[in-house]
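Student: The primary structure of each chain is shown beneath.
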Amino acid sequence: MKPNNLRKSIRMQFKGNDTVNYLSLAFLLLLSLGCSFKRVNRELTQVEEIKSNSQNNEYLKVHMKNGDVYLFHSWKVDKSNEIIFGFGNHLDYNRNLIETRDGTGSSPSEPKRIPTQFLIPFDEIVILETNQQGNNPGVAAMVLVGITTGVFSLYCSINPKACFGSCPTFYVYGLDVQNLVGEGFSSSISKSLEDTDIDLIDLNMEEGAPLQLIVKNEALETHLINKVNLLSLNKNDENRVFQSSNGDFHEVKDIENPLKATYHSQLITDFVAAKDEKEWFSLADTFNLLKKETLFLEFSNPGVSSGLIIEKRQTLMTTFLFYHFLSLMGNASSHYLAEMETSEPGLSKKVRAFQELLGGIEVFYLNDNGKWILLDEISEDGPIVTDSHLVILPLLKMPVLNIKLELNQGLWRINTLNLAVLAGKVEPEVHFPLQVKNNATNETDTIALDKLLSDGYLVTFPGEAYTLDYGINYQKDKEYFVESKGYYIEWMREEWLEDQNLQGARRAMLHPEKFLKEMALPFKAIEPKIEEIFWNTRISGNGTHGNDY
Amino acid sequence: MVHMVMIIKKIGIALVFSLAACKINSVPVPDGMEVDRISLSSHPYGSYISGMDTNNNYFTGELIGIRNDTMVVLSQTLHLITKTEVSHARVIIYKPKNYNAGFLMLAPNLIMMAVGIPYGGSAALVLGFLFSAGDVAGIMAAKSWEKIGFNYVDWSDNPNKLLIYSRFPAGIPAQINLTALQAENNY
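Going down the list, the protein sequences come from chains A and B.
Using the working numbering, the letters of the first sequence map in sequence onto residues 1 to 549.
Using the working numbering, the letters of the second sequence map in sequence onto residues 550 to 736.
Calculated directly from the structure, the hints in this document are not laboratory data.
Be aware that a few hints might be false.
[As the list claims (entries may be wrong)] Rough simulated footprint, nothing fancy, chain A against chain B, three-plus residues with beta-carbon under 8 Å:
| # | stretch |
| --- | --- |
| 1 | 601 to 612 |
| 2 | 617 to 628 |
[Claimed, not checked] DSBU-like cross-link-like pairs, simulated, lysine-lysine; straight-line CA separation at most 35 Å:
| # | chain 1 | residue 1 | chain 2 | residue 2 |
| --- | --- | --- | --- | --- |
| 3 | A | 65 | B | 632 |
| 4 | A | 517 | A | 478 |
| 5 | A | 65 | B | 646 |
| 6 | A | 260 | A | 397 |
| 7 | B | 710 | A | 76 |
| 8 | B | 692 | A | 65 |
| 9 | A | 76 | B | 646 |
| 10 | A | 253 | A | 371 |
| 11 | A | 349 | A | 292 |
| 12 | A | 397 | A | 278 |
| 13 | A | 404 | A | 451 |
| 14 | B | 646 | A | 79 |
Remember, it's a predicted structure, so these values are computed and weren't measured experimentally.
C-beta atoms are modelled at their ideal positions from N, C-alpha and C, and glycine is treated no differently.
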């Protein structure tokens, strides 16, 4: 389970959200207009030459021979009878208001309001005046940016937990900015669920740049971090290294896209071909959060040992369920969580049962006898950062490798499904932090370092950040993983206490399957609200969605 | 977040390059002048004019119009200037909008930062500042473009073009007694 990831997940979406990209594009297009300001222009027209009736937001000034003026906001020209009639104001030569006719009827507070139009014969008119207001492209840019940021800001103000923070997040100094590269022990919501997490980190750095990790607590959580180590593995420049389910690291080469990837007979190859900003995901079932779905993949058989690369993360479903469960427990949450560590190990099992019910991604292959064989199950929680996995495939004779993925509907976001040739196992070199700096004080924190190197815990609170220096420099012929161990404790929110329902919590623990069915509709009710802000969803039938985020 | 930073940078750079090359063409407006581009079309008065005649007499006020080759300008006093005696004059057509109301767009960002800081500090701060930078860039773009437009006409450029911004652009009707004219309140 990955509780606070909703916030971080949403925050992450800002990095490539279509809306933001279109916004910047629109902004740049506006800017590209350069100095082309359409200037204000006043035109005087002889009454005989007037061509058109009123247009939107255009005023007509009718200057009379006696010096009066009519200001029409709408008008019509009757050329055959040589009359202009319209609604507006009649002012004298000193521009005092004589009469208003705007079609809305009279008002006691105003001198004369007649719901009929002014009729002005041509021969009383000396000249007609119109004004072009000019334009200001900058206003469009201002409004566009303002509305977009305003919507995001208001959303985050109303739902701060949905925008900010998560369990421990890892950043690396990239070329000039901090890049979010990983999240730690996402499932470890109590000490009894403490776990070690190893994540591949994609680095965008210059060769030889010092490799430092910034560990942040960006949530209303207490993080207890036992260790944060870096693993480096040698590889050929063009190859990659992935970890398989049994913990082995494999160097791979010749990475190939699927010939075909389908979901409900629809091609989704484009969404899963490469690790980019496109992801494939589906929406949850309306009546049952346990409903399964299937993806089918076809690859060219390389004829040698190969593996399936799966790069994915979770949707916000688990976050929703976790928050809801905490709110059901209300102020008894701490009691139950404490019992998990002492007299009620069964509770831990029940929490794990939820995870098992939701399940991971089951990988099947079609053997030479035409039978689907279950090969592996990938299951790592967390909707923030895309995790990478390698599933080793058996050697098969068929020219095309057929693979089937079974997964919980609406639970996963799949970025990449590729096939790669195995180039051999590699062993990681473990790098321990040599120095820890507290980012708030910018001073070396030897106590924090000591805790990360011992069996102790570096305890961090919301807003805290530490920079870990490993004394190594980035090399392109190495792959890097971050290994973290620890757990975290979610802080209760005041608003969650209002929903306390211990009977409901107990029922959920006793009958998790029923609970997950009951939660389907409430989840569906908020699913589009969360998604619509950060994803531009492409619906391609059958509820299939892909996105460029 | 990384892309967001890049986008903000791109916008900033484009803004600087785009607007740096633009000449500011608007001129300051007199105190009390409130008519802007948008309201100009429904403004029934003549535009503000200031100038000097060949005798070095200054005149300022509302441009009323022309009667018998004499330009009439009205403020607290009535100025009658023969067209041939106009040394120089400038009509200011409108007051460029300042779009300062756009700064209200920063309010949601500030609220977000205030609410979000307890939830995670840096993320709320960074996001708030990025959004605010975007908003300010938008406001500055609107302000800058507004100033690119010409809000004046000079007599030396084209007297006839200047005169169409008078209260009576077709000439002052004969039946109007000039001494009975009232100036716009602001002048």
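Student: State for each hint whether it applies.
Tutor: Quick rundown of the hints versus the structure:
| no. | hint | verdict |
| --- | --- | --- |
| 1 | 601 to 612 | violated (count 0) |
| 2 | 617 to 628 | violated (count 0) |
| 3 | 65/A x 632/B | holds (23 Å) |
| 4 | 517/A x 478/A | violated (46 Å) |
| 5 | 65/A x 646/B | holds (34 Å) |
| 6 | 260/A x 397/A | holds (19 Å) |
| 7 | 710/B x 76/A | holds (27 Å) |
| 8 | 692/B x 65/A | violated (40 Å) |
| 9 | 76/A x 646/B | holds (31 Å) |
| 10 | 253/A x 371/A | holds (28 Å) |
| 11 | 349/A x 292/A | holds (23 Å) |
| 12 | 397/A x 278/A | holds (32 Å) |
| 13 | 404/A x 451/A | violated (44 Å) |
| 14 | 646/B x 79/A | violated (38 Å) |
Consistency with the previously given hints fails for numbers 1, 2, 4, 8, 13 and 14, ordered from lowest to highest.
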